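> Chains as they are written, first to last, in the working numbering: chain R, 14 to 108; chain E, 94 to 596.
Keep in mind that the hints are not guaranteed to be accurate.
Said to hold, decoys possible - Covered stretches of chain E (in silico footprint by chain R; criterion: 3 or more residues with CB under 8 Å from a CB of chain R, positions within the stretch not fixed):
| id | segment |
| --- | --- |
| 1 | 212 to 222 |
| 2 | 354 to 363 |
Said to hold, decoys possible - Which chain E residues face chain R? A few, computed with CB under 10 Å, are given here:
| id | residue |
| --- | --- |
| 3 | Asp152 |
| 4 | Met155 |
| 5 | Gly157 |
| 6 | Gln199 |
| 7 | Gly200 |
What the hints assert, rightly or not - The calculated SDA-like cross-link candidates involving lysine to any residue, where the alpha carbons are at most 20 Å apart (straight line), are:
| id | chain 1 | residue 1 | chain 2 | residue 2 |
| --- | --- | --- | --- | --- |
| 8 | R | Lys74 | E | Val409 |
| 9 | R | Lys74 | E | Ile203 |
| 10 | R | Lys74 | E | Glu405 |
| 11 | E | Lys461 | E | Leu445 |
Worth flagging that the hints you see were computed from the coordinates, not collected in a lab.
Just so it is clear, the structure is predicted and the values come from calculations on it, not from any experiment.
Just so it is clear, CB atoms sit at the ideal spot from N, CA and C, and this is done for glycine as well.
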Amino acid sequence: MSIDIETARRVAHLARIRVDEADLPALAGELSGILSFMEQLNEVDVTGIEPMTSVTPMRLKRREDVVTDGNMQQQVLSNAPDAREGFFAVPKVVE
Amino acid sequence: MLDLTYEAPKPKVIAGAKHDWELVIGMEIHAQVSSNAKLFSGASTAFGAEPNSNVSFVDCAMPGMLPVINEFCVAQAVRTGLGLKARINLFSAFDRKNYFYPDLPQGYQISQLYHPIVGEGEVLVELAPGIARLVRIERIHLEQDAGKSIHDMDPNLSFVDFNRTGVALMEIVSRPDLRGPEEAAAYVAKLRQILRYLGTCDGNMQNGNLRADVNVSVCRPGDYERYQATQDFGHLGTRCEIKNMNSMRFIQQAIDYEARRQIAILEDGGKVVQETRLYDPDRGETRSMRSKEEAHDYRYFPDPDLLPLEIEQDWVDDIAASMPELPDAKKARFMADYGVTDYDANVLTAELDAAAFFESVAAGRDGKQAANWVINELFGRLNKQGLTIAETPVTAAQLGGILDLIASGEISGKMAKDLFEIIWTDGGDPAEVAAARGMKQVTDTGAIEVAVDEIIAANPAQVEKAKANPKLAGWFVGQVIKATGGKANPAAVNEIVAKKLGL
């Protein structure tokens with residue numbers, strides 16, 4: 014499977030990464046290279062093999078239903094480009 | 094327990110310009126999990142807090158923060174699954190659903206696409222006595238809620254609050270088994286009732302804690318039966334999804350509008366385009382959400398921050414052992430044990446608090462009479478004052494006390510209503526209040542006989558008339574009750590008047 018320029022442009026847009034028009038062919042080429050490596054991996058027969066999710070046997074860690082965090086509006090907002098009255102302020106988005 | 098068997102309702106038929114059409118509806122209900130903390134962080138889920146105060150660094154997606162699952166939210170999803178008679182998946186896993194929106198700081202929502210925690214179940218939706226739709230549940234998965242954007246605080250800016258970001262949601266997905274707007278609303282109401290019984294979601298639609306996405310398509314009569322026989326969606330029409338509705342009324346209006354819109358397109362020779370639409374209650378119409386379409390490529394993949402969620406059968410069994418009685422079972426029991434009607438049983442079991450109130454009034458008393466008093470006097474009065482059952486000034490013990498006074502013949506039904514009013518405003522023990530106010534029906538036949546004799550002696554003309562026409566005996570009954578200040582037991586007076594007049 015190869016990635017054409019149009020697909021590269023779309024993927025960049027979905028990821029909100031600005032890519033100059035001139036860089037798209039090279040990017041498409043790189044993505045195609047990655048996918049063809051995946052295709053090589055697909056040649057390995059893995060029927061009946063469980064996907065490995067961890068190298069050591071581990072159980073998903075759980076937390077109790079207790080409020081232990083929060084109440085730090087100032088810190089949460091401190092990196093925001095714009096914040097007003099306790100809210101993040103962003104360019105208007107309306108459906 | 095009563096064995097209640099139901100007949101399936103007829104689908105709604107809409108007459109088009111050319112021929113008849115039927116509706117096919119499937120729903121995705123987003124129910125906010127009742128919990129103290131969020132799904133993957135220790136921040137509070139409390140509603141109405143200062144903006145961005147119930148937010149941890151996990152919720153606002155600061156670099157390097159990792160999600161840790163709240164086990165209680167998992168238990169709530171399992172409990173909900175059990176309540177919908179659904180299969181519980183001991184293995185489930187979380188995936189990332191990628192999209193950009195200001196209220197989603199991570200840039201993805203953690204959800205469960207490939208391996209949901211709950212599989213197939215069912216909900217019985219009653220529409221009238223003896224008529225119900227059995228709606229199949231396809232799945233329930235756990236996912237994060239998004240934040241909230243406010244658009245009317247500034248002309249050029251949207252304000253974003255992450256307090257809701259990361260709160261646990263259950264997405265409950267039905268099969269396309271609903272066949273009309275009323276059925277769809279009844280389904281939401283039933284699901285809401287079950288969730289509230291289970292304590293897994295408070296069902297507060299106004300606060301957005303329960304919201305529905307509705308998939309609507311139309312087909313010709315007969316097509317749906319072909320789909321049910323084969324489970325082949327090819328027999329059904331193209332569907333549109335109406336997003337994010339939190340009112341039963343709007344759900345019905347939106348479905349009705351959307352069905353008619355699709356019928357108009359099809360009868361015009363056009364094709365329905367599968368898309369996401371938004372209902373505008375002010376204009377009473379649905380409209381396309383094109384921006385959502387463009388972003389529809391969610392590029393799901395397993396969340397590498399979270400191991401699969403593996404739960405043990407023993408743990409599920411423990412939850413199953415602690416399940417409360419659910420609405421269908423409670424209703425059947427009320428009808429069997431208290432002899433109340435189908436309709437009354439629905440009213441009494443609608444809310445858990447009300448059902449418990451009724452049971453403590455009815456215990457050891459006449460169930461039908463208890464139902465009448467709870468529904469007509471108490472609920473009627475509460476509704477009039479805009480109060481909930483939790484705020485009732487008359488307790489179950491007080492109402493029971495009033496019923497006891499009626500049962501023992503000490504007060505009449507009319508006196509009981511007066512006594513109810515007094516207890517409502519002033520409180521107190523019904524027996525003591527009745528005694529203090531001299532509310533006591535005279536059942537002493539001696540006293541009644543004296544009163545009857547006096548009235549008869551004073552009205553010879555009336556006696557002659559009544560002897561000719563026994564219906565006029567009622568006049569004497571009225572006079573006697575009046576003479577005793579309303580305290581004479583009407584049944585006893587009736588009997589004595591008839592005897593004395595020789596009727």
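> Indicate, hint by hint, whether the structure satisfies it.
Evaluated hints:
1. 212 to 222: violated (count 0)
2. 354 to 363: Contact hint for the segment 354 to 363 of chain E vs chain R: violated, 0 residues under 8 Å.
3. Asp152: Since chain R brings a Cβ to about 8 Å from E/Asp152, closer than 10 Å, the hint holds.
4. Met155: Hint holds; E/Met155 Cβ to chain R Cβ min 8 Å, cut 10 Å.
5. Gly157: At 14 Å from the nearest chain R Cβ, E/Gly157 fails the 10 Å test, so the hint is violated.
6. Gln199: Hint on E/Gln199: violated, closest Cβ of chain R at ~13 Å, above 10 Å.
7. Gly200: Constraint on E/Gly200 satisfied, holds at 8 Å.
8. R/Lys74 x E/Val409: Given that 20 Å is the threshold and the Cα spacing comes to 18 Å, the pair holds.
9. R/Lys74 x E/Ile203: Roughly 16 Å between the alpha carbons, so the hint for R/Lys74 and E/Ile203 holds.
10. R/Lys74 x E/Glu405: holds (14 Å)
11. E/Lys461 x E/Leu445: holds (19 Å)
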